[in-house]
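> Protein chains in written order, with numbering that gives the first Met the number 0: chain A, 0 to 320; chain B, 0 to 314; chain C, 0 to 345; chain D, 0 to 502.
Because the hints were derived from the structure by calculation, they are not lab data.
We put the beta carbon where it would ideally sit given N, CA and C, even for glycine.
A couple of the hints might just be wrong.
[Claimed, not checked] Negatives, chain B to chain D, calculated, CB over 12 Å:
no. : residue
1   : V116
2   : V171
3   : G175
[Said to hold, decoys possible] Restraint-style ranges between C-beta atoms, simulated for each label pair:
no. : chain 1 : residue 1 : chain 2 : residue 2 : range
4   : B       : R147      : D       : S318      : 52 to 58 Å
5   : C       : A191      : B       : Q94       : 30 to 36 Å
6   : A       : I312      : D       : A444      : 48 to 54 Å
7   : A       : N207      : D       : W115      : 23 to 29 Å
[Said to hold, decoys possible] Simulated crosslink set (DSS-like; lysine-lysine; CA at most 25 Å straight-line):
no. : chain 1 : residue 1 : chain 2 : residue 2
8   : C       : K214      : C       : K169
9   : D       : K248      : D       : K188
10  : D       : K381      : D       : K392
11  : C       : K192      : C       : K169
12  : C       : K192      : C       : K322
13  : D       : K485      : D       : K248
14  : D       : K64       : A       : K117
15  : B       : K269      : D       : K392
16  : D       : K270      : D       : K248
17  : A       : K160      : C       : K192
18  : B       : K269      : D       : K369
19  : D       : K138      : D       : K105
20  : D       : K381      : D       : K369
21  : D       : K64       : D       : K21
22  : C       : K214      : A       : K160
23  : D       : K188      : D       : K29
24  : B       : K122      : D       : K138
25  : D       : K71       : D       : K138
Take a look at the letters that make up each chain.
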Amino acid sequence: MKQHKSRLSRIFSAREMPIIVFTLLVYGAFSVMAPNFNTFNNVSVIAQQITINGIVALGMTIVIMIGGMDLSVGSLLSLCGVFAGMMDNAGLPVALTVLLTLVIGTALGALNGLLIVKLHIPDIIVTLATMNIFRGVAVMVTRSQWITDFSDAFLHIGSSKGGLFSIPILLYVAVAVVFAVCLRWLPFGRLLYAVGGNREAAVLMGLNVPSVKIRVYAVNGFLLGLAGLLFASMFGSIQAATAATSLQFQTMGSALIGGANIFGGAGSVLGTVFGTILLGMIKNGLVQIHASEYWLDFITGAVILLALLVNLIQLRKKGRC
Amino acid sequence: MVQQSSSHAKMLCVLKSRYTLLIGIIALEFLLFGFLAPYFLTLGNILNILRQISEIGMISIPLTFLLLSGHMDLSVGSIVGVCGITCGMLLRAGQPVVLAILAGIAAGAVVGFINGVIVGKLKIQAVVVTIGTQVMFRGLCYIMTSGRAVSGYPLSFYVLGGGDILGLPISVLVLGLCYVGAWFVLERTYFGRYILAIGNNQNTTRYSGIRVDRVKILLFTFCGIMTAVASIFLISRLSSAEATLGSGYELDIITAALIGGIDINGGSGKLQGTFLGILIIGILRNGLNLMGLSVIYQSIILGVLLLVAVAKRKG
Amino acid sequence: MKKAIAIILAAGLMLAMAACTGTPAPSASTPASGSGSAEGQATRTYFVNPKMVGAAYWEAAKEGALQAGEDLGVEVIWNGTSEVDVAKQINMVTDMITRKVDGIAVAVNDATSMTNVFNQAKEAGIPVVTFDSDSENAERSYCILPDTDEAIGEAFLSALINQMPEPKGKVAVMIASPSAANIIAWRDAALAKIEADYPDIEIVGVYPSNDDQQKAYENAKSFIQANPDLAGILCLAGAETPAACKAVQEAVEAGQLEEGQVKIGGMGIPSLVREYIKDGTMTESVMWNPMSMGYLSVWALDQIAQGNEITDGMEVPGVGTIKVEDDRIYCGTFRFTAEDVDNYQF
Amino acid sequence: MGETILEMQHIAKAFSGVYALKDAQLTLQKGRVMALVGENGAGKSTLMRILTGIYDHDGGTILYKGQPVHFKNAMQARDAGIAIIHQEFNLFPNLTVAENIFLGDKSVQSHGLVDWQAMNRRAQELVDSIGGTFSVEEKVQELSVQNQQVVEIVKALAANAEVLIMDEPTSALPESEVQHLFRTIRGLKARGVAIVYVSHRLNEIFEICDDITVLRDGVTAFLSEVGATTQQEVVAQMIGKEVTVLYPKQDAEIGGVVFEARHLSDGDTVKDLSFCVHKGEILGLYGLVGSGATECPEALFGLVRGAHGTFLMDGREISLHSPAQAVANRIAYVPPDRHRQGIIRQLSIRFNLTLAVVRRLCTRSVIRRKDEQATVDDYIRKLRVKCAGDSQKVTFLSGGNQQKVVIAKWLATNPALLILNDPTRGVDVGAKAEIYSLISELACAGMAIVITSSEISEILGMSDRILVLNEGVVSREFLRGQADQKSLLSAALMRPDETQGGV
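Make a model of the complete structure from these sequences and hints.
Have a look at this one:
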């Protein structure tokens, strides 16, 4: 009996609770204000819109969880998307294109991790540098051209449906579920919490923290490869210089709104998913209620701050008496 | 004998110092561009470089303070926009130049204060807060301008961005004064002590009877004010203010500070390091522009440079 | 280990710089004396500065400019900022004034910001032309534009109206940056025209993408959701049209829109809209040739340098007949459909 | 019993040419507790780090279960059955108790996934078996310090540790919990675990340990059974000379009331506390955990949000809502956690020493460097801070000298009331004595002093008057000489209403 009660109360005091409630409230508000907002079609549109940010935000969550930060996500996504597009243009079979893109993403992600670990430079500095480098390389290899004219098979990845939902949505859900399971039940997943929670203790325990870090950045790179593929395939074209330029702040926003701690040790798939949904929903909802184009950024920023405050209130309640 | 060895040690120290490395990089840039870029080594061009870095240089001062205290402000680019637009709109409306400038600075103080209160009083990490306010303040820029550039200022206003005193651009002189002043604050006043103390150990600082939250609010407000000053020089130089004014400045400045050896976790680093960092980036951009090299290479070189500068320091 | 990596990085830096200097990629290969134009006798050097580099539109303009350089036997330096940034653009132009090039062509990001810089250029005796978008009350010799802002805005609108069965219903307007002066001018012209001539058209909103491809697509998806009875989308920037087409296609596939219900008209960069214009998502689009503009900028600078007058109706090799009004040179817009879209290589 | 499980012989270790250990010996036997004592810098922690594989040793041999061993990292040592509980706990605050115990343990995984049910069940069994009363599904950050220590011990048990090293295990524990810990240690002894007990606290050592090893300057200086030696002898062996007076308390002239607190409450532990401190008086606050003895100084110094009460300084009413206000009202506070609250270790002695007073050394915000230098020189000399110069970083000082810097920082503000919260934690014996005599001198000079300590003898030895707290109120008051350990402890254990007739 006591067990049951505590489990129930644990659900209500979960770190994700405020953001979930907040998201639902915003959803309700938009439903009232815009007649076409609360429809199955619109929900699937929102879902489609958030897939790329959502996938990247999950990678960002584990990076933040181990106390890191990745400013290079947008550049790496652009680079992977460009590579994918160019390989497709070169006539490679789609399966090979996908495979190679994922490999490239993973390798470049690991490179981030390697530079951080081997040169002992803080994450934010390394990724600030690679942000510039990856973007420059992407623009350079494309000679500033749009990459377009993809094969049908390649375009199918982003547009065809499996059941009710499109492939990108299903991929996003799959990645989220895999992440949730890994973080909860995989020993490696628990290590991430440990490394982020108390790095010194992790070192003293004999954990190979550098290798954990490299692997996390590699996984992050893998997801960026996937997101890059989806980007090129969904939009049918990709331009190296402008693709996903503000992605790092958007995805960090999602993760932080979802309860991740910038110093590491906390964060959850559920929270991040809801953080992403909230941001995606606001974008969609503001268009639906015909908000002035000049108010979009302001309202988005205000909502991010508000969501952070909501999280804070809950933390305070827990922290002090 | 003893003296000799100590002078030896001193020399070793100088050689190992990161500032030697930074000055070395600058010397290398001069050498390289002196040969490769036409007109690089002319007085006009050197002044040109200084003028170009002056606004970013002004913002780099409070940002260095913030970094030293273990904080960060990712919203400075947006604050440049808000202040520049405020000032520009008043100028366009025919208000006196002095009033417009003061209003711009006041706007900077207010938005900086908002950042400071959220960070200091509500105790949310500065990075997180300023990611949010970055988007919000930029939104404010769009609301204020409705997307149209704000221009048409009185002629006297252009003196700020374009005028000279004794052959030196006014903005460069102001930048120099600001740096000297800021160095003095950091090295010689109690406020400088507080900044370092907070950056190294916030808890102990609080336990020493120092109002940490007040210092933070002051720092962010100061950041807003200096950013506003920079934005005024900027709109005077650009003769207009538009909604995207200053976007991306934050990462440029942080890159410069990191190249200059400021510890991203706070507590250690010197103001002169940031200045050298700003100079390195400014010279690089100018030199590559003069050579007519595509900016694509600029970002790659900048990235590699950042890694080299920071890696060398640790190694 | 650390040192080794640092050294490798440093070497990489040097290599990168050396590589860049070895192949001055963006500048055209020039006859005779190499890169240095400092000595009096060398060829003339012109600096052409787009709003930004990296976009297909500007790449096409670059090709035109470099072609002109080759045809006229002058050196052309093409360089721009990697994102739209007024301050950096000004820095770049100022740097080139320092370098004392023989002429400067600028696609101005902010209509007013160039005033001081152009004055500086004048003092230094360097002629300036603008292209693509003009600078207000500034010391420039000529401005090369596709057409007047009014004419362009109305041409875009007519591409949409032509496709619509009758000029009525809901129309959404998509723009790139809400702070780009020429786009705003086109928008105003198009909206004014609608108000005057097409009272049955209802504008549901103006959606800026801030030059973000992803955001353009998301916006289109969202306003289609909000307006199931949408009749048309007016796209006033190059990247908006394919985003709108993509969103409409998907909505049709999902059964939310009738096939052919939503017409898409406006600016279309042929290479980006080729597939949509061929599969019938849209039937016509309006564009001008950025190559011509690039070409004309260099050509105009060279005419000024040689002291030649530029007059209305002049024939420019590779571009055709040009229209000149006061100090504005118009290269003209064109309309294209599925038949002739393959003729355009940009 | 008595079977030798581990022998360290002639261990030597040098850091960049400087010997930390020259010839250290340590012999552990199953089911016995070995005390390892020595002044700071004597090499205790280096020896323990070698034993647990964190450092490599330059010379000597380690025999474990009769076999020579050479651990390359902490993981190897732990797998072999040697566990250590650091002074600063190595727990993951964001994980549950069960996870902390079994992190990375393959025995609670099935098919490569964590089996939460099995893990929680086994963890709860282990916690229950040594008398823990908390749920293993709680996050460690929500546990009290003593329960966190229990988690550390359970961690060692779960790893089947046969050798358990406890580094200053009581430094974070209040006196009552110490007995609890000792019960746990006795339980471990009965299981045949060999324990190394590293501590400065001789009372505890003489209570719980069987044998004692004294390290001095990297050499094992003294080996004995505890029963065969005395505290005096051990202290003498540690510092190499006889110490006669450990608590050099002089009688100071006690004057009028300097500070008075009425109805102090922090909204939590401290309920309703009223007391006053006189000029030249050292007032000891003593109480078990949760009694408010350590919380009371924090509330006085404005560190606790929601604390309230009436405070009078020299008869004038003052408010104390923040440390800044407290400092402005001439109150100084030496906190218990030196590293996190007392010093800024990356910065110089000068910086630290003038941090609280620097604003007063300014003319129009600019520091008067001559005055600053004079202040720094003055206090370094007065407090006999051993350092290479005032620009030396504090991190390079010994614990005792670091603490002197903290005290100097406060003396520089010329306080009327000095609050010392556990001022000698982690300070070696020699420096302790110096700090005690300093406190005594300050009282003689007329300063009002409040002292709390987790060491009962410190309170007894230093105080002119002792207030014993229980459940947030004063349960009894003793004058100097009236109390001994037993009466103090029993007063601390007794409920306030039972002692109403007291004093």
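> Please flag the earlier hints that this structure goes against, numbers listed from lowest up.
Numbers 9, 14, 16, 17, 25 - these are the hints that the structure violates, sorted from lowest upward.
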